[in-house]
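Those protein sequences? They're chains A and B, same order as listed. Quick note on the working numbering: the first sequence kicks off at 1 and runs consecutively. Quick note on the working numbering: the second sequence kicks off at 1001 and runs consecutively.
Read the hints as simulated data drawn from the structure, not as lab findings. Among the hints, a few may not be true.
[Stated by the list, open to error] Listed below are the simulated DSS-like cross-link pairs for lysine-lysine, each with C-alpha atoms no more than 25 Å apart in a straight line:
hint: 1; chain 1: B; residue 1: LYS1229; chain 2: B; residue 2: LYS1204
hint: 2; chain 1: B; residue 1: LYS1138; chain 2: B; residue 2: LYS1192
hint: 3; chain 1: A; residue 1: LYS28; chain 2: B; residue 2: LYS1593
hint: 4; chain 1: B; residue 1: LYS1225; chain 2: B; residue 2: LYS1192
hint: 5; chain 1: B; residue 1: LYS1229; chain 2: B; residue 2: LYS1177
hint: 6; chain 1: B; residue 1: LYS1621; chain 2: A; residue 2: LYS102
hint: 7; chain 1: B; residue 1: LYS1677; chain 2: B; residue 2: LYS1717
hint: 8; chain 1: A; residue 1: LYS85; chain 2: A; residue 2: LYS71
hint: 9; chain 1: B; residue 1: LYS1593; chain 2: A; residue 2: LYS27
hint: 10; chain 1: B; residue 1: LYS1677; chain 2: B; residue 2: LYS1593
hint: 11; chain 1: B; residue 1: LYS1717; chain 2: A; residue 2: LYS102
hint: 12; chain 1: B; residue 1: LYS1170; chain 2: B; residue 2: LYS1249
[Unchecked claim] Chain A is nowhere near these chain B residues, computed Cβ spacing over 12 Å in every case:
hint: 13; residue: ASP1230
hint: 14; residue: SER1359
hint: 15; residue: ASN1530
hint: 16; residue: THR1692
hint: 17; residue: ARG1760
[Unchecked claim] Looking from chain A toward chain B, a few residues come up when the C-beta cut is under 10 Å (computed):
hint: 18; residue: ARG30
hint: 19; residue: GLU53
hint: 20; residue: LYS71
hint: 21; residue: THR99
hint: 22; residue: GLU103
hint: 23; residue: PRO122
hint: 24; residue: VAL123
For glycine and all other residues, C-beta sits at the position ideal for the given N, C-alpha and C.
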Amino acid sequence: MNHPDAIEILLVEDNPNDLQLTLRALKKARLGNHIQVARDGAEALDYLFAEGEFAGRDILDTPKIVLLDLKLPKIDGIEVLRRIKADARTRHIPVVVLTSSKEQRDVVESYRLGVNSYIVKPVDFEGFSDAIRDLGMYWLVLNQAPRLEG
Amino acid sequence: MSVVSSSRVEDAAIPSRGLAGWVRYALAVGLVLLTLRVRLSMSPVLADNPTLVIFTVPIILSAYLGGFWPGVTATITSLAASAFFLLPPYVSLKVDAVSSLWQLVIVAVAGLAISGICGWLHASRRQAEEVIHRLRAKEDELKEALKAADELRTALDDHAIVAVTDARGKITFVNDKFCTISKYSREELIGKDHRIINSGHHPKAFIADLWATISSGRQWNGEIKNRAKDGTFYWVATTIVPFFGEDGKPRQYIAIRADITERKIAEEALIQSDQRMRLATEATAVGIWEWSLVAGTIRWDAQMFKIYGVAPTADGIVPYSMWSDAVLPEELKEQEARLQATVRSGVGGARDFRIIRASDQECRHIHAVETVRRNAKNEIEWVVGTNRDVTERKRIEAALQDSERQFRTMADSIPQLAWIARADGHIFWYNRRWYEYTGTTPEQMEGWGWKSVHDPEILPTVVEAWGRALREGASFEMEFPLRAADGRFRVFLTRVEPVRDDDGRVVRWFGTNTDVDALKEAEDKVQRLNTELEKRVAERTAQLEAANGELEAFSYSVSHDLRAPLRAVDGFAQAVFEDYGPLLPEEGRGYLKVIRSGAQQMGCLIDDLLAFSRLSRASLKRGTVDMNYLVRDVVASLDVLSMARRVDFDIGDLPPCQGDAALLRQVWQNLLSNAFKYTGRRERAVIEVGATRAEGGGVVYHVRDNGAGFDMRYADKLFGVFQRLHRVEDYEGTGVGLAIVQRIVHRHGGRVWAEAALDRGATFFFTLNDIVSP
Chain A
1 MNHPDAIEIL
11 LVEDNPNDLQ
21 LTLRALKKAR
31 LGNHIQVARD
41 GAEALDYLFA
51 EGEFAGRDIL
61 DTPKIVLLDL
71 KLPKIDGIEV
81 LRRIKADART
91 RHIPVVVLTS
101 SKEQRDVVES
111 YRLGVNSYIV
121 KPVDFEGFSD
131 AIRDLGMYWL
141 VLNQAPRLEG
Chain B
1001 MSVVSSSRVE
1011 DAAIPSRGLA
1021 GWVRYALAVG
1031 LVLLTLRVRL
1041 SMSPVLADNP
1051 TLVIFTVPII
1061 LSAYLGGFWP
1071 GVTATITSLA
1081 ASAFFLLPPY
1091 VSLKVDAVSS
1101 LWQLVIVAVA
1111 GLAISGICGW
1121 LHASRRQAEE
1131 VIHRLRAKED
1141 ELKEALKAAD
1151 ELRTALDDHA
1161 IVAVTDARGK
1171 ITFVNDKFCT
1181 ISKYSREELI
1191 GKDHRIINSG
1201 HHPKAFIADL
1211 WATISSGRQW
1221 NGEIKNRAKD
1231 GTFYWVATTI
1241 VPFFGEDGKP
1251 RQYIAIRADI
1261 TERKIAEEAL
1271 IQSDQRMRLA
1281 TEATAVGIWE
1291 WSLVAGTIRW
1301 DAQMFKIYGV
1311 APTADGIVPY
1321 SMWSDAVLPE
1331 ELKEQEARLQ
1341 ATVRSGVGGA
1351 RDFRIIRASD
1361 QECRHIHAVE
1371 TVRRNAKNEI
1381 EWVVGTNRDV
1391 TERKRIEAAL
1401 QDSERQFRTM
1411 ADSIPQLAWI
1421 ARADGHIFWY
1431 NRRWYEYTGT
1441 TPEQMEGWGW
1451 KSVHDPEILP
1461 TVVEAWGRAL
1471 REGASFEMEF
1481 PLRAADGRFR
1491 VFLTRVEPVR
1501 DDDGRVVRWF
1511 GTNTDVDALK
1521 EAEDKVQRLN
1531 TELEKRVAER
1541 TAQLEAANGE
1551 LEAFSYSVSH
1561 DLRAPLRAVD
1571 GFAQAVFEDY
1581 GPLLPEEGRG
1591 YLKVIRSGAQ
1601 QMGCLIDDLL
1611 AFSRLSRASL
1621 KRGTVDMNYL
1631 VRDVVASLDV
1641 LSMARRVDFD
1651 IGDLPPCQGD
1661 AALLRQVWQN
1671 LLSNAFKYTG
1681 RRERAVIEVG
1691 ATRAEGGGVV
1701 YHVRDNGAGF
1711 DMRYADKLFG
1721 VFQRLHRVED
1731 YEGTGVGLAI
1741 VQRIVHRHGG
1751 RVWAEAALDR
1761 GATFFFTLND
1771 IVSP
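Sequences are here, hints too, so could you generate the full structure?
Written as structure tokens, this is what we have:
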């Protein structure tokens, strides 16, 4: 459903600094509205599958993109990715892993689970905000999201 | 007296040819007298009437039974009786009245006539009886003959196979044996011709000839192969006899056959076995001779002539001298004696003697075997034998004994234990050293006595290995302990070699045992040490791997966890710059820049350090690497960054090499990005990549740039970790890139070096696989 208040971005990030910087970058790219933040994997899954504190939410009301960090407390990013891609109701949501890990095994595993994109967070902020901006532009504006009927 | 029935009378009459002569006359008289008596007793009724007619009865009877003359006798007697008793005057032969006379005359005439007729009847009857008798006799004869013929036929039927065909060859009769042997039923055969049992074995000419013979009226004899109903074959010896009709042409053919299948099979088997024997004797070069004691002749087969080197005679018969002349004179007497013994005792035997071969006067060794053949009376009729030229074998034996002698001489002088065994493993000689060491005697050791000086626990293994070697005819080596004279065991290395004859058969085994006891101990020690060492190495390796694992985990988390705060530093410095920059003096803004650059620098450092440390741990994945492809790929990614700058890449043709593609890519990446970086100040950067062949065949790759270059005095510092030859504000970098290059190149067994001049560019060279790892 595409009503004007729909959440567009689910940002899953546990590091407060990174979180702040990412939000700053998104704002700079004028994508700052309609962001749902989850501070760990469990919260992310609860939101997506309308459980826990998010019970009652319409599951089919999916965000346009999930920005997923891998190193998360409680349930880690890989597991969240797996759950998203395993469920028919959420499989279609583009997931972009945004992580500082360049480890090949993380890359491989993510792609194996069906991640749409894997971005390594650059250290310098310019690069970082450029990456965010490009991401946003691409997935939210350029890319066509499927329109699911309820 | 009643008249008996005629048949009874006939039966009674025939065997004795009727009544005897006097009986007939007596009967005639008797009958008349009887009649007279009857007449006289009838006097009261008949009064004086003579009734001479009454005498016709005895006359008839006499004539019928006895013939003409008895009838006449009866007539005369009747006349007399009548005249005497019945005609007046009575009791006298005289007669008074003429009528009485005439009565007598009538009786006489009647009597004669009756006698005549009856006599003729009698004669006829007698003739008929005779004929019947003869006929009966003939009938009996015929019956006998028929019985005999029947018995003959049964005998024939039992023995022979009989078939009768008509003139056209169609079967009209078959006996039971025919049906049995041909397996057809009578119904199936009658009406067919002999094609029904044609086997196809005989050519058409054969059959045609048979027909020609019998249809021309001649008997045919021969052997025919026939086919039974079920397809099996049988042989018969056949005689076909034609029987003629009234027109003189054959009317029917009777074929009598005997089953000779068994005989034929036996014949066939005999021919085959004969052939086989001939082949066998030819193949084995065995000559066969036969001496007929009865005929006094000796016959040789072809092989015998060859052995003795004489031309064969026409029929193989040779004189005794042919053999006796060939035998060496000094041996002849003994051989002849042995031959005579065989003839006398009937027991054959084998013997060896030498001959002079006639064809080349060479002395040959002969091995002869003979036996006798007896006849039905168990007398010896034949002596048969074989001769075989065994010269070669004898020569080999002699050579073997010679070499054995040499071996023994040598064996007795060496420090090892040695022995010789026969082909079957039976050891018949040990050298002196063996007895000295084991303290045993030849009697104890002969054959398989060596088992007693072995360790009982190890003995089964030894026996098995020895057995296997014997079977396969293979040499073998083995170590095992042997007991010394003092009871202690020492380890010996045993080597056994077979000795073969010209045919490749093993005839001897030569073995040696070398004392390796001291050696063995040393070996064992080394072995123990090795095991110990390996264990330690394994432990160390495990430790190392564990350490590596820890390091891996460490660097993983380091790379991740260190970057996050750096990001924060850089990010928020930028945030301050953006949000509050205008509020800050120039200097303050500069400080922020420094903070940022520091953070970024640290980020690079972390990456490089991580890559560097990983290099030594990662295993080299060797494969063929297409260097052209790698370089072009790296250049392409650099090209993207060139943007405003003018960078010319000149890439030559690079030969492929063996190595890890990912690591080599890193090498090119680092070298090329260096070249790229240090030509940053040039208006036109020229970076050249190429490869040359060194003497020795190796390839030297190089990257040449026209950038800042460096002072050769500090060249040795180039590849050190964190070592830089330029200031960071001039050219950024961590100083790890070349260290990485060097480490990778070294891991490939190559070398890396550089040549440069300040401000005149630098060239970096590297080789791979100088040291080829085993």
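Hint-by-hint comparison with the structure:
1. A hinted pair counts as satisfied when its Cα atoms are at most 25 Å apart, and B/LYS1229 with B/LYS1204 qualifies at roughly 21 Å.
2. Taken as a hint, the B/LYS1138 and B/LYS1192 pair is broken in the structure, with Cα atoms around 40 Å apart against an allowance of 25 Å.
3. Proposed proximity of A/LYS28 and B/LYS1593 is supported: the alpha carbons are some 20 Å apart, at most 25 Å.
4. About 18 Å separates the Cα atoms of B/LYS1225 and B/LYS1192, which keeps this hinted pair within 25 Å; it holds.
5. Only pairs whose Cα atoms come within 25 Å are accepted, and B/LYS1229 paired with B/LYS1177 is accepted, the gap being roughly 14 Å.
6. Simply put, B/LYS1621 and A/LYS102 have alpha-carbon atoms about 21 Å apart, close enough for the 25 Å limit, and the pair holds.
7. Among the hinted pairs, B/LYS1677 with B/LYS1717 is consistent with the structure: their alpha-carbon atoms are about 19 Å apart, no more than 25 Å.
8. Among the hinted pairs, A/LYS85 with A/LYS71 is consistent with the structure: their alpha-carbon atoms are about 18 Å apart, no more than 25 Å.
9. Between B/LYS1593 and A/LYS27 the alpha-carbon distance is near 23 Å, which keeps this suggested pair within the 25 Å criterion.
10. The straight-line distance between the Cα atoms of B/LYS1677 and B/LYS1593 is roughly 21 Å, inside the 25 Å bound, and the hint therefore holds.
11. At roughly 30 Å between alpha-carbon atoms, B/LYS1717 and A/LYS102 are farther apart than 25 Å, so this suggested pair is violated.
12. Between B/LYS1170 and B/LYS1249, the direct Cα distance comes to roughly 16 Å. Compliance with the 25 Å bound is thereby established for this hinted pair.
13. Its beta-carbon lying about 78 Å from the closest one in chain A, B/ASP1230 satisfies the requirement of being farther than 12 Å from that chain.
14. The claim that B/SER1359 lies off the interface holds: its Cβ sits roughly 92 Å from the closest Cβ of chain A, which is beyond the 12 Å cut-off.
15. Distance check on B/ASN1530: its Cβ is at least 38 Å (rounded) from any Cβ of chain A, clearing the 12 Å threshold; non-interface status holds.
16. With a minimum CB-CB distance of about 35 Å to chain A, B/THR1692 clears the 12 Å threshold, and the non-interface call stands.
17. Distance check for B/ARG1760 against chain A: the nearest CB is about 33 Å away, which clears 12 Å, and the non-interface claim stands.
18. Below 10 Å, beta-carbon pairs count as interface contacts, and A/ARG30 has none with chain B, the closest being about 15 Å; its hint is therefore violated.
19. Taking 10 Å as the C-beta cut-off, the interface hint given for A/GLU53 is violated, the closest approach to chain B being about 27 Å.
20. Using the Cβ-Cβ criterion of 10 Å, the hint placing A/LYS71 at the interface with chain B is satisfied: the shortest such distance is roughly 6 Å.
21. A distance limit of 10 Å between C-beta atoms decides the matter here; for A/THR99 the minimum to chain B is near 8 Å, and the interface restraint holds.
22. Nearest Cβ of chain B to the Cβ of A/GLU103: about 6 Å, under the 10 Å cut. The hint holds.
23. Nearest Cβ of chain B to the Cβ of A/PRO122: about 8 Å, under the 10 Å cut. The hint holds.
24. Because the closest C-beta pair between A/VAL123 and chain B is about 3 Å apart, less than 10 Å, the hint holds.
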